[in-house]
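Asks: Let's have the full structure, built from the sequences with the hints guiding it.
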Amino acid sequence: MMADFDWAFFIEVLVGGLLSGVMYSLVAIGFVLIYKTSGVLNFAQGSMLLFAALTFVSLVERGVPFALAFVITFAVMVLIGIAIERTVLRALTNKPPITLFMATLGLSYIIEGAAQLIWGTQVHGLDLGIEDLPLDFGGVLVSQFDMFAAAVAAGMVALLSIFFRYTRVGLAFRAVADDQFAALAVGLKLPWIWATVWAAAGIVALVAGLLWGARLGVQFSLSLVVLKALPVLVLGGFDSILGAIVGGLLIGAAEKLAEVYIGEYFGGGIESWFAYVVALAFLLIRPSGLFGQKLVERV
Amino acid sequence: MAVVTADLHSTQPSYRWLAPAALIAVAYLVVPFIGSTYLYEAILVPFLALSLAGVGLNLLTGYAGQVSLGSAAFMAVGAFAAYNFNLRVDGLPLIVSILLAGLCAAVVGIVFGLPSLRLRGFYLAVSTLAAQFFVQWALTKFSWFSNDSASGVIDAPPLTLAGVEFTGPVGRYLFSLTVVVVLTFLAHRLATSQTGRNFIAVRDNETAARIIGVPVLKTKLLAFAISSFIIAVAGVLWAFAYLRTVEPAGFNLDRSFQILFIIIIGGLASTRGAFFGAALIVVFPLVLSRLGSFLLGDLFDSGVLDMSQRIVLGALIILFLILEPDGLSSLWGKIRRRLGSAVAGRA
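Protein sequence lines correspond, in order, to chains F and H.
Just so you know, this note's numbering puts 150 at position 150 of the first sequence, and the rest follows in order with no gaps.
Just so you know, this note's numbering puts 75 at position 75 of the second sequence, and the rest follows in order with no gaps.
Everything labelled a hint here was simulated from the structure, so no lab data went into it.
Idealized CB from N, CA, C, for every residue including glycine.
Hints are supplied without guarantee of correctness; some may be wrong.
Computed, partial: chain H to chain F, Cβ under 8 Å [claimed, not checked]:
(1) Val67
(2) Ser127
(3) Phe134
(4) Ala279
(5) Val283
(6) Ser308
(7) Ile311
(8) Leu313
(9) Gly314
(10) Leu328
(11) Trp332
(12) Gly333
Replies: See the structure below:
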């Protein structure tokens with residue numbers, strides 16, 4: 001039976017899975033940024049993604065040049081980040097994480113509602129100018145668009161890593177992530193840092209929103225990609241960018257392979273929950289994820 | 001998170017049962033005679049079902065501190081299990097179907113509660129989403145659950161209890177009321193018993209709880225089982241008494257969030273909080289749509305209404321979290337104290 005196993009096809013599925021995993025990672029990185037610095041699982045990340053993509057598409061459809069639309073959306077996302085800090089986060093400082101999580105649920109309702117109230121609920125097509133032609137690598141077909149998305153993700157991770165490691169702002173981010181009170185004590189301005197982080201998450205949402213939007217069309221269901229990113233986060237650890245990448249790759253590959261090779265035994269459609277099962281199975285072995293911080297218990 | 005203190009030192013006779021007893025009396029003796037069909041069908045029955053779901057989730061999240069984002073899945077398990085027991089076992093009384101459905105959900109709850117033995121906080125919350133997606137997938141995928149009905153939508157059986165058939169809006173209301181009163185009473189008793197105190201100990205500090213001898217793993221799974229049981233019965237009410245049809249689509253992620261909102265807005269670890277929260281969640285959209293069409297008239301089409309409802313609901317949640325983090329229940333307590341001192345001051 002193993003003799004007639006189609007290895008080229010297997011590799012094709014694997015590579016396709018890994019590349020779609022990168023798309024999950026893109027969404028997951030936005031979560032990680034915010035979780036690292038404020039300890040909140042930001043459920044509004046998906047709606048921010050929808051808002052960014054919808055704003056961009058609507059601007060382009062109204063004749064705004066591509067680059068300008070990008071800059072405007074960029075600015076809007078930064079403003080939203082600042083507004084969220086001013087109105088929500090500042091008022092909820094020092095509240096338990098579950099309270100903040102609920103607040104981000106509320107936020108996601110507001111942002112989703114606002115996005116569709118402003119721009120309407122119809123589906124928009126988004127053409128980034130990259131043709132989705134399969135490239136042939138020695139018999140293995142790989143989507144050109146997926147390669148592009150992977151490159152963008154890699155670039156973004158590199159930028160974020162450099163930013164975190166070598167700039168003063170990045171250092172401040174890391175300090176806040178380490179210990180909020182200590183960061184306050186040495187004079188770091190927490191509100192400013194949070195606003196910056198949320199703005200950065202907004203920009204990640206914009207990039208992810210454009211790539212996902214080009215894939216699925218820009219519409220309400222775009223905000224549901226968070227549900228794809230959550231198992232990635234659980235697997236990789238909520239506070240690790242590297243974890244988001246590796247987790248995304250693992251989940252993407254596992255999901256595609258499962259869909260192709262064992263999906264038929266379940267009657268198909270298993271992708272809605274399979275990623276969660278992979279993440280859970282993994283967590284039973286390592287409860288803090290691949291790269292998450294170890295929990296130290298004190299009484 | 002609300003702080004719960006056990007009332008150990010109170011030696012005075014307590015009259016705390018008076019207010020709920022009076023409310024129940026009004027609900028049974030007055031409400032059935034004064035309401036309109038609309039009141040029962042669109043407000044009271046969904047309110048009761050969601051309150052019960054809130055009571056169930058509150059045991060798990062409010063008392064035992066395990067955040068669950070999969071409540072709607074357990075409602076679905078309840079509704080479908082009760083439907084199938086009723087359909088496939090001849091002569092089984094409805095009440096037994098409902099209890100068996102609750103037990104099914106309790107087993108499912110234990111299975112999906114297993115990760116709680118190793119995971120905490122958001123990791124656990126996300127893992128409960130697995131229940132949400134898996135159950136919804138299974139119920140849509142295997143048509144056996146919906147008796148191979150082509151549309152996947154099926155009629156709920158009539159509500160009978162001890163030979164009495166509860167028909168019409170008032171009947172369905174009384175049936176729901178009875179189920180909710182009994183289960184809420186039991187849940188409240190449980191929450192104030194040693195088991196409830198174990199839940200609280202696990203929530204507040206797991207390690208400390210383990211050291212004083214609370215069986216943490218057993219307590220967590222028990223919380224999942226009991227909470228799932230109650231939420232499943234709420235699901236039966238939702239499907240049988242409110243919608244009068246059983247379909248998986250109604251038990252989606254939004255419903256899970258809705259139940260979480262109910263206990264957060266109402267107040268964690270508070271039985272009356274679940275009722276306050278449910279009242280707000282049920283009544284608020286109705287008020288908003290009335291208000292919207294009144295203020296803006298034709299300008300307000302259903303799409304706009306839907307969107308603005310989302311926005312206002314989101315804003316309301318955030319506002320609540322900022323202004324009254326302990327929920328409506330604690331707000332009610334404050335109002336009562338103030339009223340009480342005003343009355344005392346005048347006397």
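Asks: If a hint holds in the structure, say so; if it does not, say that too.
Replies: The hints, checked one at a time:
{"no.": "1", "hint": "Val67", "in the structure": "holds (6 Å)"}
{"no.": "2", "hint": "Ser127", "in the structure": "holds (5 Å)"}
{"no.": "3", "hint": "Phe134", "in the structure": "holds (4 Å)"}
{"no.": "4", "hint": "Ala279", "in the structure": "violated (19 Å)"}
{"no.": "5", "hint": "Val283", "in the structure": "violated (18 Å)"}
{"no.": "6", "hint": "Ser308", "in the structure": "holds (7 Å)"}
{"no.": "7", "hint": "Ile311", "in the structure": "holds (4 Å)"}
{"no.": "8", "hint": "Leu313", "in the structure": "holds (6 Å)"}
{"no.": "9", "hint": "Gly314", "in the structure": "holds (3 Å)"}
{"no.": "10", "hint": "Leu328", "in the structure": "violated (14 Å)"}
{"no.": "11", "hint": "Trp332", "in the structure": "violated (19 Å)"}
{"no.": "12", "hint": "Gly333", "in the structure": "violated (19 Å)"}
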